[in-house]
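Undergrad: Sequence:
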Amino acid sequence: MIINEMDLSDAVIVKSSKLKSAVWNDFDKVRKGEIHVAICRHCKKRLSGSSASGTSHLRNHLIRCKRRASCNGVGAAKRVETTPLELAIVDQTKHEHSDASVINSGLDQRRSRFDLARMIILHGYPLTMVEDVGFRVFLRNLQPLFEPVVFERVESDCMEIYAKEKHKIFEDLDKLPGKISISVDVWNGGGGSDDSDEFLCLSAHYIDETWELRKRVLNFFMVDPSHTDVMLAEVVITCLMEWDIDRKLFSMASNRTPPFGENVANKIRDRLSQNKFLYCNGQLFDVSCGVYVINQMAQESLQSCFETINKIRESIRCVKSSEFIQESFDERRDLCIDDSARWDTTCTMLEIALEQKNVFSLMKQRDPDSCVSCPSDLEWERLETVVGFLRVFVQVTNTFTKSSNSCLTANIYFPEICDIHLRLIEWNKSPDGFISSLAVTMRKRFDEFWNRNHRVLAIATILDPRFKMKLVEYYYPLFYDSSASEFIEDISEYTRALYNEHSVGSLLASSDQALDWQENHHHHHHHHHHQHEDRLREFDKYINETTTSPGQDSKSDLEKYLEEPLFPRNSDFDILNWWKVHTPKYPILSMVARNVLAVPMSNVSSEEDAFESSPKRRISDTWCSLRPSTVQALMCAQDWIRSELESS
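Residue numbers (the working numbering): 4 to 651.
One should not assume that every hint holds.
Straight-line Cα separation of at most 27 Å, DSSO-like style, residue types lysine-lysine; simulated pairs [unchecked claim]:
(1) K314 - K251
(2) K218 - K619
(3) K473 - K360
(4) K563 - K583
Label pairs and their calculated CB-CB ranges [to be verified]:
(5) M244 - G264: 15 to 25 Å
(6) D135 - L381: 32 to 42 Å
(7) P261 - E358: 36 to 46 Å
(8) E354 - E567: 38 to 48 Å
(9) E163 - S53: 46 to 56 Å
(10) P129 - V507: 49 to 59 Å
(11) F149 - P129: 32 to 42 Å
(12) E215 - D135: 22 to 32 Å
(13) V153 - C321: 49 to 59 Å
(14) P129 - N313: 53 to 63 Å
(15) P129 - S343: 22 to 32 Å
What the hints contain is simulated information worked out from the structure, not anything from laboratory work.
Ideal Cβ positions, reconstructed from N, Cα and C, are used throughout, including at glycine.
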């Protein structure tokens, strides 16, 4: 007998207290003889209600039930119990609204699935969590109608989210008014062992049409160990071409750490230069991370006092092990052991130890057999010098990382880098052989960074209306003595060349736009257009001859900008807003500013990464074991979703 044709007039209602599944909130179960029937409280459809049939088919019906979905959600919070027997035996059409108060808002399975996938991406959860027993129990009790998903399903959903978000990023990049700079970071797979997989992270840095600085991860791919430098360079260029930004690049920032070494960077630059895609023949294309070079100099400083620092660590451990000894030290400045993976904590440990170095010496004098291993006077003296170095490095690194934004405009770096430059010159002149020798080592690393980046750094600060050329003119004589004028002129020439190339590009763009307009309107206005053009050509000539006097308006945006007084310096100055407001006044120079200020002079966006002893970041253990294509999708989508949340 078909269930929908059964006569249920003498059916017996099954008490709801015996029904454990929450699905029975939307069904009434009746029994006639040995047959159990489940009747939908919304559309009155009859389904099998036997225990052997389970409840999955009931959940599936609720998903498709149009009457249930059309109910408003107000009544869901106030469920009213009705007489089940009425619903079982009364004609459906006669009483189709008798259960109007029994409402349960519809569950969108697809949306819920994708919400789950986005949560996993956003917070970096393991994809396998969807199969964890505890998570399944939690979901079943929270929403029994939600169909559990398996690893393969959530992985597929994550890939679909990635594809949709990628399309949005592609459209954003396509309509950008300016150029794009990219940064290349090297990541390690989980575990951090020497033989772990390595990944390259390509990120785009740009200033959008609202004059907001943006950073978006574009690619995150595993490096094939068999790849040569040429092959790896081709992989990166292919990624750029897939995003259709190989013609839109301004600069590329990297740390020069294997596998993305100097040869790879040079090959990418040469390839793009051959295609005439880069400004100034690619001389401004290749930049490196300022935070990275500071990190390296800090490591060299610590290495110079390695044994002394170990003595202090052991002494602090000894002090910490004895409450009696601790009483001798200043409670206001508690001695602490550093985190060897973060050099800023080592600086803090040494600063506190130096403040109480007399107590260390006194403890050793009182008890020569004490575990306190006190440094000698010379070691203390040298340590104080090294801490002076580290303190400067910490302050500058904090300036580069402690920002309200995830990335900084390029003008921020020049004053801080110049301060380090001056200090290295002073340390190099020290009569103390230890200090001068250490300064020479650090200076060698710094000079490599400076020679590669000083033009971009200087041009960025010239585009800061608070400094213009003045900061360059102030610092360069301190660096170069009698040769300063040559270096200043070099910066001026590159600034003019960059401006001129933007000016030519602006004219070409305007010409292209005019041609496009003419082509679009040619068929409709062909005759009228030629008549109008012929009449006004002589008028344009007349205006040009009668309104332009010799020398009038011959100055460029750049010249006008540099001649005007400096903008007052204050801590609340917003350089991007300044250029946004002054774009009508300096239309071409504002294009230069848009491109230069987006150059990523630091690949590091967080304090944790900036002070890490290892320059390579690591993928979480929960993701590194996945397929490379899945890792890329998760890492990119996570960046895009987080960026969207931050900007909303």
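Undergrad: The structure should be examined with respect to each hint, and the outcome stated for every one.
TA: Tested hints:
1. K314 - K251: violated, 54 Å
2. K218 - K619: holds, 19 Å
3. K473 - K360: Since the Cα atoms of K473 and K360 sit roughly 44 Å apart, the hinted pair is violated (cutoff 27 Å).
4. K563 - K583: Distance ~17 Å between K563 and K583 Cα, so the pair holds.
5. M244 - G264: 15 to 25 Å: holds, 22 Å
6. D135 - L381: 32 to 42 Å: violated, 59 Å
7. P261 - E358: 36 to 46 Å: Because 41 Å falls inside the window, the suggested range holds.
8. E354 - E567: 38 to 48 Å: Holds - the Cβ-Cβ distance for E354 and E567, about 44 Å, lies within 38 to 48 Å.
9. E163 - S53: 46 to 56 Å: Violated - the Cβ-Cβ distance for E163 and S53, about 37 Å, lies outside 46 to 56 Å.
10. P129 - V507: 49 to 59 Å: Cβ of P129 to Cβ of V507: about 53 Å, so the range 49 to 59 Å holds.
11. F149 - P129: 32 to 42 Å: violated, 19 Å
12. E215 - D135: 22 to 32 Å: Violated: the Cβ-Cβ distance is about 40 Å, outside 22 to 32 Å.
13. V153 - C321: 49 to 59 Å: Holds, since V153 and C321 (Cβ atoms, about 55 Å apart) stay within the stated range.
14. P129 - N313: 53 to 63 Å: violated, 39 Å
15. P129 - S343: 22 to 32 Å: Holds, at about 29 Å.
Violated hints, listed in ascending order, are 1, 3, 6, 9, 11, 12, 14; each of the other numbered hints is respected by the structure.
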